[in-house]
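Read in order, the letters of the sequence shown are residues 1 to 136 in UniProt numbering.
Check the hints yourself; a few may be wrong.
Taking lysine to any residue and the SDA-like style, the derived pairs with C-alpha atoms no more than 25 Å apart in a straight line are [what the hints assert, rightly or not]:
{"id": "1", "residue 1": "Lys112", "residue 2": "Gly130"}
{"id": "2", "residue 1": "Lys112", "residue 2": "Ala102"}
{"id": "3", "residue 1": "Lys112", "residue 2": "Tyr133"}
{"id": "4", "residue 1": "Lys112", "residue 2": "Asn101"}
{"id": "5", "residue 1": "Lys112", "residue 2": "Leu122"}
{"id": "6", "residue 1": "Lys112", "residue 2": "Gly94"}
{"id": "7", "residue 1": "Lys112", "residue 2": "Asn127"}
{"id": "8", "residue 1": "Lys112", "residue 2": "Tyr129"}
{"id": "9", "residue 1": "Lys112", "residue 2": "Leu135"}
{"id": "10", "residue 1": "Lys112", "residue 2": "Glu100"}
{"id": "11", "residue 1": "Lys112", "residue 2": "Val132"}
{"id": "12", "residue 1": "Lys112", "residue 2": "Ala128"}
Computed Cβ-Cβ distance ranges for the label pairs, DEER-style [said to hold, decoys possible]:
{"id": "13", "residue 1": "Gly71", "residue 2": "Thr107", "range": "41 to 51 Å"}
{"id": "14", "residue 1": "Leu78", "residue 2": "Glu120", "range": "45 to 55 Å"}
{"id": "15", "residue 1": "Glu93", "residue 2": "Asn121", "range": "19 to 29 Å"}
{"id": "16", "residue 1": "Leu110", "residue 2": "Leu90", "range": "27 to 37 Å"}
Note that these hints are calculated values from the structure, not bench results.
Each residue gets a CB set at the ideal place from its N, CA and C atoms; glycine is no exception.
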Amino acid sequence: MTAIKQIQKTNLGSTKIKHFIIRYFTALKYAFTKGVSLAQSPPSLNPSKIAMMPIQDNNYQRIYDYLINIGLILSITLLMYLILFSITFLSLEGPQEYRENAITFTTHLLLKGANPYSLENLPTYLNAYGIVYNLI
1 MTAIKQIQKT
11 NLGSTKIKHF
21 IIRYFTALKY
31 AFTKGVSLAQ
41 SPPSLNPSKI
51 AMMPIQDNNY
61 QRIYDYLINI
71 GLILSITLLM
81 YLILFSITFL
91 SLEGPQEYRE
101 NAITFTTHLL
111 LKGANPYSLE
121 NLPTYLNAYG
131 IVYNLI
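Make a model of the complete structure from these sequences and hints.
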């Protein structure tokens, strides 16, 4: 399904916005397949006729397909890198950020019977949660 048909089926709320987007994409498609700029495109063509025009096999279409394929390969590569990084990062045994130790330290102080909110413990044992959070 082309982008123009998807836009026609969606509910964008305002028909003016919907028609503007359809006209914009059809003009871009016409300019790209014909190899002309938007200023040279004939104003007499109906946008619905432009949308139904067959894509011609020319240099612009080959360049477009080449760029789409490069974009797909690049995005799949980056997605695989992100998945690999996430699996590696989440499988580490230690805390994943500096603030995760604050709850453990506060609970340790509570179990020892000390006050984690006293002045001598503030820089190390300070966290955003209340005292009941550690007891749960």
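Okay, the hints, checked on the actual structure:
{"no.": "1", "hint": "Lys112 x Gly130", "in the structure": "holds, 17 Å"}
{"no.": "2", "hint": "Lys112 x Ala102", "in the structure": "holds, 15 Å"}
{"no.": "3", "hint": "Lys112 x Tyr133", "in the structure": "holds, 16 Å"}
{"no.": "4", "hint": "Lys112 x Asn101", "in the structure": "holds, 17 Å"}
{"no.": "5", "hint": "Lys112 x Leu122", "in the structure": "holds, 16 Å"}
{"no.": "6", "hint": "Lys112 x Gly94", "in the structure": "holds, 23 Å"}
{"no.": "7", "hint": "Lys112 x Asn127", "in the structure": "holds, 18 Å"}
{"no.": "8", "hint": "Lys112 x Tyr129", "in the structure": "holds, 19 Å"}
{"no.": "9", "hint": "Lys112 x Leu135", "in the structure": "holds, 13 Å"}
{"no.": "10", "hint": "Lys112 x Glu100", "in the structure": "holds, 20 Å"}
{"no.": "11", "hint": "Lys112 x Val132", "in the structure": "holds, 16 Å"}
{"no.": "12", "hint": "Lys112 x Ala128", "in the structure": "holds, 20 Å"}
{"no.": "13", "hint": "Gly71 x Thr107: 41 to 51 Å", "in the structure": "holds, 49 Å"}
{"no.": "14", "hint": "Leu78 x Glu120: 45 to 55 Å", "in the structure": "holds, 48 Å"}
{"no.": "15", "hint": "Glu93 x Asn121: 19 to 29 Å", "in the structure": "holds, 26 Å"}
{"no.": "16", "hint": "Leu110 x Leu90: 27 to 37 Å", "in the structure": "holds, 28 Å"}
No hint from the list above goes unmet by this structure.
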